[in-house]
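Novice: Residue numbers (the working numbering), protein chains in the order written: chain A, 1 to 181; chain B, 1001 to 1205; chain C, 2001 to 2391; chain D, 3001 to 3189.
Hint data in this document are derived by calculation from the structure and do not stem from the laboratory.
Where hints are given, some of them may not hold.
Simulated restraints, written as ranges between beta carbons of each label pair [what the hints assert, rightly or not]: (1) Lys2317(C) to Lys3150(D): 53 to 61 Å; (2) Gly2369(C) to Asp18(A): 43 to 51 Å; (3) Glu3154(D) to Leu159(A): 30 to 38 Å; (4) Tyr1152(B) to Arg2185(C): 25 to 33 Å; (5) Gln2292(C) to Leu1025(B): 26 to 34 Å; (6) Lys1032(B) to Ile2213(C): 18 to 26 Å; (7) Lys2317(C) to Leu1175(B): 37 to 45 Å; (8) Asn57(A) to Thr1036(B): 48 to 56 Å; (9) Lys1161(B) to Gln2189(C): 34 to 42 Å; (10) Thr1168(B) to Arg3005(D): 26 to 34 Å; (11) Asp2192(C) to Met3056(D): 39 to 47 Å; (12) Lys1161(B) to Arg3172(D): 37 to 45 Å; (13) Leu1030(B) to Tyr161(A): 54 to 62 Å.
A few chain D residues facing chain C, derived, Cβ under 10 Å [said to hold, decoys possible]: (14) Gly3027; (15) Phe3046; (16) Ile3074; (17) Thr3077.
What you are looking at is a predicted structure, and each value in this text was computed from that prediction instead of being measured.
The C-beta atom is built at its ideal place from N, Cα and C for all residues, glycine as well.
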Amino acid sequence: MANGQEGGMSMREQAIVDKILEKAPYAEGKVRRERRIEFTVPAERIRDFLTLLKKNNFELMLQITPVDWPNDGEIELIYQIWSVTHRTHVMVRTRIPRELEKARMPTVKDIYPVAETYERDAHDFFGVYFEGNWKMEMPWILDDTEQDIYPLRKDFDMLQYVKKKYKILDRFDENKDNYVI
Amino acid sequence: MEEIEFKIAPESKIKKKPSYIKPWLGLKYLFKKPVTIKIPHEKTQIAKKYRGFHTLDWKKCVGCNFCGQICPARAIEMTWLEVDGKMEKRPHPKIDYGRCTFCQFCVDVCPTGALRFIESFILTSEWEEDTIQLFDWVPIHPEKFRKLQESYNDWRFPVEKIEFNKETKEVVYHLRDGEVFKFKILGYGIRPPKKQKGGTDSKPD
Amino acid sequence: MVAQSELIKEARENGMDLLPLDKDTYELFFGPQHMATENFSIILKMDGHRVVEAIANPGFLHRGFEKLAEFRPWHTNVALLLRVCVPESDVPETIYSMAVDEIIGWEVPERAQWIRTTVLEMARVSSYLFWIMGLSFKLGVYTAGQWAAAYRERLMALFEQLTGARVYHIYTIPGGVRRDIPSDRWLHQLKDTVEYIKSKLPDFDHLVFENYITFKRMEGIGVMNKKFALSEGVTGPNLRATGVPYDVRRADPYLLYPELDFEVPVLNEGDALARALIRRFELEQDLYILEQLLDMGPPSGPYQVSDPRLKNLPRFKVPAGDAFSHVESTKGDFGAYVVSDGKNKPYRVQIRGPSIAHGIRVLEHLLVGSRIADVPVILMSLDNCPPDIDR
Amino acid sequence: MVDWRLFEPLFEFARKRSLWIVSFCTGCGGIEMPPLMTSRYDLERFGMMANPAPRMADLFLITGYVTPKTLKRIIITYELQPDPKYVMAHGSCPLNGGVYWDSYNAIKHLDKYIPVDVVIAGCMPRPEAVMDGINKIMEMIENGTADSWKRYKENYEWYKKNQDELFGEGWREREARRWIPWLMDKKEE
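Let the sequences and hints guide you as you build the complete structure.
Specialist: Here you go:
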């Protein structure tokens, strides 16, 4: 439904983007389609930008999506926020380096308190460290004896890991261990 | 900025009055037929296209491995079989119910319609080395399965026992009506096994 | 008999960490082996029977869907991702399919849209009935629970006829749905079922929602206000119970919802009772929507897009791009973010379960100060669904 | 001293008709348990009921996939149950990994960690299939072949070795102490 960009329909969204960009010249923004907008923000300005969004009635943070791009050596963090007032979904994209020591972000917990949970999630699965979030080291979903395993990163070799951890893959036939997905 | 218009549920809908007579009206349910299906004595109705076990028409199967590629659980392995000393020309899917999620995408993609499903769904076994072989089988012919289902009508797996000889790779199906069905596994994969004996090392690329 | 102080001394000498005993607090591991939690654990610090502090401990159901989805063909992922939300498995199917449709640019046929909407609403009704059952068992009004389970079976039977399975339907796929409606008889049966459940709603009211026990047990516990709920990302009925009229079906319409007429019930109290009543009203609205859909009737036409590429599902490729789609589930705003890099498998799929917002921080906040007996009720009133936290 | 073995058939008869279930929904199959226990399928006809305390339960239903984190609790709960105890595994996942065959966080073969009596196919198994499995367990109790708890006692070393391999040595203590620092830290604040 309502697929693609329709010229007349996205005027409202364009107005929102213009209004935000006026106050945040460091960001780039565009309208994706009706009720979907996105911004690209440098990583160090993310707190300023999210504060601005929060002031502009973007109330609900839906999720923080890390996407691993090993070819670029970067992890993309997408802060997805829904505005109940404007009825618009906004994606705030930012990129940080992929190396474990450098994959650090300031927390946005004080702006959107729920971000604490999402940040714990991103830390557990991608190894992105959010500075200022004291629950970062707290046990979350993963409960592994091996530390520093970030299973959602692209270079995590799942089949090797499964074979190592659970010893065998298939109970019925030993010949079936060569899997091609 | 545009505001959302929503209708608000009226306050009058929320009644907060306890009643003293109404509980006694519940006694009328004593005289109604219960909804319970008394399972060992009663049979349930299963929908017509319930996604149960697989059936395979061995004549139609062309061994294209589409089913193996689409399977989300990697439950399907193409197997080279030998029936009555004659090798089947094409590999057939061997389905592992320790993996299968009964999504039947394999049936959707089957280009010849050889792989089908049937409504039967009950397969219970002890967790023992020999009985658990039941969970790994090459499906039997749809008509045979249908006949067994119709004669017993209890939605059970049609095979009572599968004997699998690990050395000779011989498989014996003991069907529920006493029929015995034998074949031999020659190898796995989409390429034919190199030799008749022990050629089990051919793998999909 | 050894004195307690000696035991403590010995434990300290052996290097065990023990909580300081200056206050009468103790830890209580609530779940996962508990009926109310559905494999979810809360570590409670108790003072007598009052909760002093709560720490949610999720992860018992984590299977790594987001990783697994990167290894399976596009359509097959439906069979995987629907396991994110077990009581309402059509929701993850639909959001994933909608996101993929958007990336490809497919216009889904009208008939498929009608079926998708109907299936979603049926899933909502069955999920609410399931929730009524859970709530009434936690409150101790067992009759309503037995009834709700029995009525839900009718919907299960309809699902079985339509999709071929009871719980995991694997029905909505990118580009439409997998099967057509079996027959007109099915529509009649659905109509009967809707009428039947509607006629039974007063019974639930008498037994649960107008019941003295419910009011005594649920009124004034687990209160959250509007500002708190918004800042914590709470969505769905829990948010509407605090006075924010946010419903994805209205705010970001999808499928046939723009054409349908329904109310979005809103209450302002924000306590457990308000959350329960909101769900009760929504059940009524969902039945009303189903009636409208049935009056509308399924439009004629195909139930899938016709695309030659669909013949070869394992090699089916989706152009590069990304899309976010979300629907209103009974738990809240259920979203999926899908990234494609042009291959026959997704590059990244993230599912946003609504419970991750109200099941962790909000729960920890609401439990503080409540009695131990209220913990299951608060859990149930939030309708916490652990699999979509853990994914 | 009475020779209790003489009464064993009577006990088996009683055990068969009063199977209490540990109410621990370990996986997705848990969603079919409420319909089973309530009016539609009504397992209470067989004298079964879901019991919150493992100390009073006989039957453990592993309803679906098992993650390592849950498996720790399953083992602890299983060991809390009094003998004789029976285990039934639902669906494909405990048997051979199921759709999570390549998942980094799901157990592939449950019988390496705890013994299982009966396994049923399906994803997820319909209530009828679950009832069939329960009938099978009842038959096995009557025949005296439901002896997984004996196997667990006899091969405890093997099971323990597998458990320790997966979780690391001393996992029980680690698990018990895991949350204490977080409860203490807050106290100091």
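Novice: Note whether the CB distance of Asp2192(C) and Met3056(D) lies within 39 to 47 Å or breaks it.
Specialist: For Asp2192(C) and Met3056(D) the Cβ distance comes to about 42 Å; the hint holds.
Novice: Please check whether Gly2369(C) and Asp18(A) have a Cβ separation lying inside 43 to 51 Å.
Specialist: holds (46 Å)
Novice: So, Gly3027(D) near chain C? Judge it on the closest CB pair being under 10 Å.
Specialist: For Gly3027(D), the interface hint holds, since the closest Cβ of chain C sits about 7 Å away, which is under 10 Å.
Novice: Could you see if the CB distance from Tyr1152(B) to Arg2185(C) stays within 25 to 33 Å?
Specialist: holds (27 Å)
Novice: Interface hint check: Phe3046(D), Cβ to nearest Cβ on chain C, cutoff 10 Å. Holds or violated?
Specialist: violated (17 Å)
Novice: At the C-beta level, are Lys2317(C) and Leu1175(B) separated by a distance inside 37 to 45 Å?
Specialist: holds (43 Å)
Novice: Lying within 18 to 26 Å: is that true of the beta-carbon distance Lys1032(B) to Ile2213(C)?
Specialist: Cβ of Lys1032(B) to Cβ of Ile2213(C): about 25 Å, so the range 18 to 26 Å holds.
Novice: Do the numbers back the hint for Thr3077(D), that is, is its least Cβ distance to chain C under 10 Å?
Specialist: holds (5 Å)
Novice: Does the hinted range 34 to 42 Å hold for Lys1161(B) and Gln2189(C) at CB?
Specialist: holds (40 Å)
Novice: Confirm or reject the claim that Lys1161(B) and Arg3172(D) have a C-beta distance inside 37 to 45 Å.
Specialist: holds (40 Å)
Novice: Hint says 26 to 34 Å; check whether the CB-CB distance for Thr1168(B) and Arg3005(D) agrees.
Specialist: This hint is violated: roughly 43 Å between Cβ atoms.
Novice: Take the C-beta atom of Glu3154(D) and the C-beta atom of Leu159(A), compute their distance, and say whether it sits inside 30 to 38 Å.
Specialist: holds (34 Å)
Hints 10, 15 from the earlier list are contradicted by this structure; the remaining hints agree with it.
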